[in-house]
Amino acid sequence: MPKELEPSTCEKNFVLEALKENLRIDGRNFESFRELEISFGEDYGLADVQLGKTRVLARVSAEVSKPFSDRPFDGIFQITTELGPMASPAFETGRFTEQEVLLARLIEKAIRRSNAIDTESLCIVAGQKCWAVRVDVHFLHHDGGLIDASCIAAVAALQHYRRPDVSVDGEKVIIHTLTERVPVPLSILHIPICVTYSFYHGGEVSLVDATLQEEQLRDGDMTITLNKFGEVCQIAKAGGLPIGALALLQCARIALVKVQEITAFLQKRLEEDSAARTRRDNLLESTAQNAR
Amino acid sequence: MVSSNAASIGFLPRADGSGSFVSGRTSIIASVTGPMEVRIRDEHPQKAHVEVIVRPAIGVTSTREKYLEARLLSALKPLILRSNHPRTLIQIVVQVVQTAGTDENASTTLLLLAPAMNAAVLALLDAAVPLKSVLAATTVAFMKGSGGVVVEPGLDELKNSASTHVLAFTSTGQLGFVESDGEFEYEDFERVVEAGRGVCSVEQKGHHAMDTEAKYHAVGELIRKIMSQKVEMDMRWRA
Amino acid sequence: MTTMLLFPGDVVPELPTPQKTNTALKVGPGLTYTPPDKVVAHRVGELHVDDRKCAVWMEGNGKRYIPSLNDAVIATVLRSTSDSYILAIPSSTSPAPASIQALLPHLAFPQATKKTRPILHPGCTVYARVSLANKHMDPELECYDAESQKAEGFGELKGGMVFNVSLGMARRLLGDGKKIRQLQLRARKAEGTEAEGGEISNGMEVLEELGRVLAFEIAVGRNGRVWVDSEDTKVTLCVGSCIQKSEYLTGDEQRALVREALRKL
Amino acid sequence: MESPAPAPALSFPPQTFQKLSPSSYLLRHLQATPPTRPSGRSPSAFREPTVHTNSLSHAHGSAVVRTGDTAVVCGVRAEILSLKYGDGKSQGRVTVLRSNEDEELMNDEEDGGEGELRSRNLIVTNLELGTGCSRDYHPGPPSDFAQTTTSRLHRLILSSTSSLISPSSLRIIHDDEIKAYWVLYIDVLCISLDGNVLDTAWASIIAALRSTRLPRAFWDADSESVLCDPEMKLGLQLGPLCFTASFGVVSTGAEEDGEEQDGSKVVILSDPDEFEEGVCEEAVMICIREGGTIARIEKGGGLLCGMEGLGECVRMARSRYETWEKAVRDAV
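Residue numbers (the UniProt record's numbering), protein chains in the order written: chain V, 1 to 292; chain B, 1 to 239; chain L, 1 to 265; chain C, 1 to 332.
These are calculated hints, taken from the structure and not from any lab test.
There could be a bad hint or two in this list.
[As the list claims (entries may be wrong)] If the Cβ cut is set under 8 Å, some of the chain C residues that face chain B in the computed set are: (1) Thr150; (2) Arg152; (3) Ser159; (4) Glu281; (5) Ala295; (6) Lys299; (7) Gly300; (8) Gly302; (9) Leu303; (10) Met307.
[As the list claims (entries may be wrong)] Pairs of lysine-lysine, DSBU-like flavour, derived with a Cα cap of 35 Å: (11) Lys132/B x Lys234/L; (12) Lys12/V x Lys264/L; (13) Lys38/L x Lys132/B; (14) Lys159/B x Lys66/V; (15) Lys132/B x Lys245/L; (16) Lys245/L x Lys20/V; (17) Lys132/B x Lys158/L; (18) Lys264/L x Lys230/B; (19) Lys19/C x Lys144/B; (20) Lys234/L x Lys225/B; (21) Lys12/V x Lys26/L; (22) Lys26/L x Lys230/B; (23) Lys135/L x Lys326/C; (24) Lys20/V x Lys264/L; (25) Lys179/L x Lys26/L; (26) Lys47/B x Lys19/C; (27) Lys12/V x Lys178/L.
Backbone N, C-alpha and C define an ideal beta-carbon position, used for all residues, glycine too.
Generate the whole structure from the sequences, applying the supplied hints.
Written out as structure tokens, the structure is:
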């Protein structure tokens with residue numbers, strides 16, 4: 001299978017020289033994200049995130065399952081991030097690359113292990129039945145920043161998702177259809193957002209939200225996951241250039257501002273979607289009444 | 001009734017071609033890359049190797065996706081002028097975004113086929129892969145009792161149908177693909193095919209001024225409209 | 001000169017008849033010729049007919065570059081073998097993988113001998129001409145002009161930056177738009193409608209406008225890559241971004257874009 | 001200078017010709033009068049089937065079916081799926097119902113029970129290619145071909161309008177309440193593959209299902225479990241039978257990817273063998289149901305076969321139905 005083509009020498013030199021002059025190829029500041037767009041599908045739990053040219057789709061689904069025997073009071077929550085050939089022909093199906101494993105583990109730590117979802121609320125009958133919620137992250141277009149984009153997509157889809165209501169009647173668990181009973185949102189404890197830094201020139205230059213070209217040329221990277229309250233969920237720095245502790249603090253400070261901006265934007269989009277849904281439901285209702 | 005169809009192309013900058021197709025609640029994205037380097041075992045000295053990969057919206061690839069891949073490949077492969085690019089690979093990736101129903105039943109799968117085919121055809125056109133013809137696909141239901149023919153039915157209509165048919169036609173009305181399921185007579189099938197041909201084929205030449213909205217919901221015309229908009233945009237500099 | 005939109009499978013309705021007996025019909029990209037007289041489109045595009053040259057071709061845009069004889073391309077050196085360099089010809093979807101690999105013989109430089117040949121390292125950017133393009137073979141490149149045997153600008157591109165544009169934009173930057181413009185003018189003349197309609201763009205006003213004010217070097221590859229170099233990083237970036245943004249702009253819009261960019265600079 | 005003497009005509013034995021240029025080899029045969037296939041069959045001739053049932057002693061039903069050099073074995077095994085969890089302890093008894101499930105079960109009676117069979121996964125189909133069954137066989141995980149064929153067979157069993165197997169024959173009922181189900185595992189093993197495995201595999205499934213005898217199962221209220229009565233064996237209630245017929249389509253004037261030439265003729269090859277399947281890109285499959293109605297049409301791979309061709313295929317498929325029906329009836 002074809003491999004990703006490395007940037008040529010002149011591209012490499014130019015990008016690095018430009019960074020010395022405080023210039024990025026796309027004209028951004030060192031500390032700014034690319035344009036972010038979030039939209040939601042007709043189905044609950046479908047979020048489409050565009051970060052510049054990078055595009056990620058997250059899809060949440062839930063089914064009734066049996067809880068793990070060692071955690072009878074917890075539901076099951078799972079995130080899958082498989083890099084498919086749509087994002088880049090270099091990604092083959094069914095073959096796990098190092099990049100894929102790192103990405104999957106990072107998202108897992110950022111969302112699942114930070115207890116973003118209250119898994120106890122997914123329990124239906126202790127030890128017997130629970131909800132198994134899964135997030136499928138699909139990468140449509142890869143232009144760098146896959147970690148940040150997939151994290152936003154996953155938390156957006158989780159917030160958007162509504163699961164069917166259930167009622168327990170003796171030995172029977174009844175799942176109600178979406179039309180019968182108003183579906184229930186997931187119980188979300190906090191919203192983690194990832195901010196990835198790329199380092200150049202021995203750490204003198206640190207960039208937020210690198211493009212693919214910038215990612216290919218970086219000396220090191222670090223991902224900080226925070227929520228809007230400034231709580232650090234995880235920091236991942238898998239080798240690469242060593243970074244001073246003070247620089248890390250500075251990164252975290254900037255990241256918090258970014259996280260707050262992104263969280264607010266996500267909230268705005270969610271509210272808009274919910275308003276649009278209410279409008280559409282009302283419209284449907286009124287046409288139904290007119291028909292009668 | 002023809003349900004609302006929507007389509008777009010060219011939204012994935014790094015793929016050579018991309019297309020999306022939405023029919024009712026079913027929503028599909030497809031991308032095309034190639035002609036590019038092929039794996040040795042798939043290399044054909046005279047022709048391009050064509051590969052279709054279907055990725056489900058939820059969960060991992062199962063036999064259902066393998067089945068869809070085989071069916072899509074059988075519809076798309078004869079369309080491509082494969083001898084123009086020998087020893088290469090043309091890769092078509094189909095991502096299911098949203099399906100008509102939540103369960104994995106036969107009807108939901110059946111309703112995926114036509115939109116997936118249309119999205120893939122749009123992506124092939126966008127990628128300028130050499131093609132013999134343009135293919136457009138639709139789903140037709142033959143109703144129980146009344147014997148009515150419903151083009152692009154919803155899930156509810158499928159439940160009350162005696163048979164369902166996924167059909168694809170070239171713009172000149174040649175039948176390129178059939179997947180019919182249910183219980184029906186050949187005469188019923190002929191009626192269904194005529195209905196399908198009506199929405200998939202394109203009025204030849206003449207360019208009749210029938211620019212009504214209804215016409216653009218017919219999938220054959222919709223594909224033409226989307227593509228001519230692209231050419232118009234590409235040629236905008238000349239204005 | 002007539003234009004019409006064709007789709008795969010559509011037959012070209014009217015073929016130009018050769019004016020002289022010894023000129024053959026030229027069938028350009030996007031079309032397949034089936035003897036004796038059928039020409040069918042195999043992709044979407046505008047059909048162009050040039051009666052004088054007795055040629056038909058399809059004007060369309062794409063991202064995937066397929067090598068064609070005598071095309072100037074911008075390629076990257078991957079490695080060197082005993083007698084050739086192996087280069088990748090990236091398409092405009094780059095940095096996407098799956099780019100075509102081409103052969104550049106060590107001696108395919110002007111007056112090159114085993115001792116004087118230029119040494120290219122992996123990662124080098126080269127401006128070269130396609131000397132062999134056949135669907136059954138890997139393409140080959142040369143770094144000199146076919147007629148004059150001189151460099152004529154071909155060779156290693158040192159410094160600077162490479163930007164991606166669509167294949168159509170690359171062709172326009174190389175002046176193909178001018179040809180289309182001339183055909184259109186000729187058609188208007190023939191129809192006697194010269195006075196009507198506004199000015200026709202040649203699609204590369206952006207370059208003309210930039211060149212008037214800024215000093216920079218540029219090389220355009222038909223594989224959708226543009227190399228730009230100048231004294232100042234900012235100028236290089238400005239040129240690159242103006243070109244990339246001009247894709248869907250008319251001549252006047254391109255001029256306005258450049259004016260705005262220069263003001264910011 | 002004289003023109004050089006013409007090179008001596010190159011000649012090959014037919015096998016070499018077949019390997020070098022499979023497409024031309026087939027076309028030369030079809031252009032002969034009367035058109036004959038390399039196997040000696042006429043284009044519309046199917047291979048004669050032979051069917052044996054109950055060849056496997058430990059399966060509840062089985063069949064061996066052979067058409068030409070394609071041979072398959074099908075075994076049906078039934079297991080009991082209890083709807084109650086656990087072993088009778090109180091905490092192990094949670095049933096999950098969808099609120100519209102009762103209603104759906106009612107509907108299912110009408111639409112052939114697809115929903116019930118599917119949601120409970122009562123029928124598990126699998127097709128496996130035996131080691132060395134064909135030249136192209138590679139050991140390893142199931143090939144795409146095997147997976148696709150499995151999926152096609154499964155779809156035929158659970159046709160959306162009328163299922164071959166009625167769910168009522170799989171229910172184990174006590175006091176009007178479904179206590180358990182029979183789950184049928186239908187495994188098809190292809191011993192030898194010479195094209196058109198679908199028709200043969202499908203016929204083997206039908207024959208195996210018709211030969212299936214299950215012990216009578218009942219709910220024992222005292223032990224709260226399902227018991228079987230090995231003395232009393234019951235057959236399955238099968239819905240209307242259906243048989244498939246597959247065709248390959250090829251044009252006598254077909255050049256590689258070229259336009260069809262004038263005077264070229266579209267030839268429909270019934271029951272294509274391995275070699276013909278490799279050459280014919282276009283394929284048609286028709287499934288005919290008892291009574292002559294059509295249960296399924298699949299067509300793909302090309303534009304040669306139009307409505308006329310499909311009509312022809314349907315006609316041939318109807319007569320093929322009779323052949324299969326008789327072969328299976330005689331065997332069971």
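Results for each hint:
Nearest Cβ of chain B to the Cβ of threonine 150/C: about 6 Å, under the 8 Å cut. The hint holds. Hint status for arginine 152/C relative to chain B: holds, with the closest Cβ pair at about 7 Å, below 8 Å. For serine 159/C, the interface hint holds, since its Cβ comes within 8 Å of a Cβ in chain B; the closest pair sits about 6 Å apart. Interface restraint check: glutamate 281/C against chain B, minimum CB-CB distance 6 Å, threshold 8 Å, status holds.
A least Cβ separation of about 6 Å between alanine 295/C and chain B falls short of the 8 Å threshold, and the interface hint therefore holds. With a cut of 8 Å, the hint placing lysine 299/C at the interface with chain B holds, because the nearest CB-to-CB distance is about 4 Å. Interface hint at glycine 300/C: satisfied, since its Cβ lies 3 Å from the closest Cβ of chain B, which is below the 8 Å cut-off. For glycine 302/C, the interface hint holds, the least distance from its beta-carbon to any beta-carbon of chain B being 4 Å, beneath 8 Å.
The interface hint given for leucine 303/C holds, since its Cβ lies 5 Å from the closest Cβ of chain B, which is under the 8 Å cut-off. For the restraint placing methionine 307/C at the interface with chain B, the shortest Cβ-Cβ distance is roughly 6 Å, inside the 8 Å limit, so the hint holds. Among the hinted pairs, lysine 132/B with lysine 234/L is inconsistent with the structure: their alpha-carbon atoms are about 47 Å apart, more than 35 Å. Our distance criterion of 35 Å between C-alpha atoms is met by lysine 12/V and lysine 264/L, whose separation comes to about 26 Å.
The hinted pair formed by lysine 38/L and lysine 132/B meets the criterion: a straight-line CA distance of about 14 Å does not exceed 35 Å. Between lysine 159/B and lysine 66/V the alpha-carbon distance is near 31 Å, which keeps this suggested pair within the 35 Å criterion. Between lysine 132/B and lysine 245/L the alpha-carbon distance is near 34 Å, which keeps this suggested pair within the 35 Å criterion. For a cut-off of 35 Å, the pair hint linking lysine 245/L to lysine 20/V stands: about 25 Å separates their Cα positions.
A C-alpha spacing of about 43 Å is found between lysine 132/B and lysine 158/L, which places the hinted pair above 35 Å, so the restraint is violated. For the hint linking lysine 264/L to lysine 230/B, the alpha-carbon distance of about 32 Å falls within 35 Å, and the restraint holds. Among the hinted pairs, lysine 19/C with lysine 144/B is inconsistent with the structure: their alpha-carbon atoms are about 50 Å apart, more than 35 Å. For the hint pairing lysine 234/L with lysine 225/B, the CA-to-CA distance comes to about 41 Å; that exceeds 35 Å, so the pair is violated.
For the given pair, lysine 12/V sits about 42 Å from lysine 26/L by alpha-carbon distance, which is inconsistent with the 35 Å threshold. Straight-line distance between C-alpha atoms of lysine 26/L and lysine 230/B comes to about 26 Å, which keeps the hinted pair within the 35 Å bound. With a CA separation close to 54 Å, the supplied pair lysine 135/L and lysine 326/C exceeds the 35 Å bound. Distance restraint check for lysine 20/V and lysine 264/L: the Cα-Cα separation of roughly 20 Å lies within the 35 Å cut-off, and the hinted pair is therefore satisfied.
Under the criterion of a C-alpha separation no larger than 35 Å, the hint pairing lysine 179/L with lysine 26/L is consistent with the structure, at around 16 Å. With a CA separation close to 17 Å, the supplied pair lysine 47/B and lysine 19/C stays within the 35 Å bound. A hinted pair counts as satisfied when its Cα atoms are at most 35 Å apart, and lysine 12/V with lysine 178/L qualifies at roughly 34 Å.
Checked against the numbered hints above, the structure breaks hints 11, 17, 19, 20, 21 and 23 and satisfies the rest.
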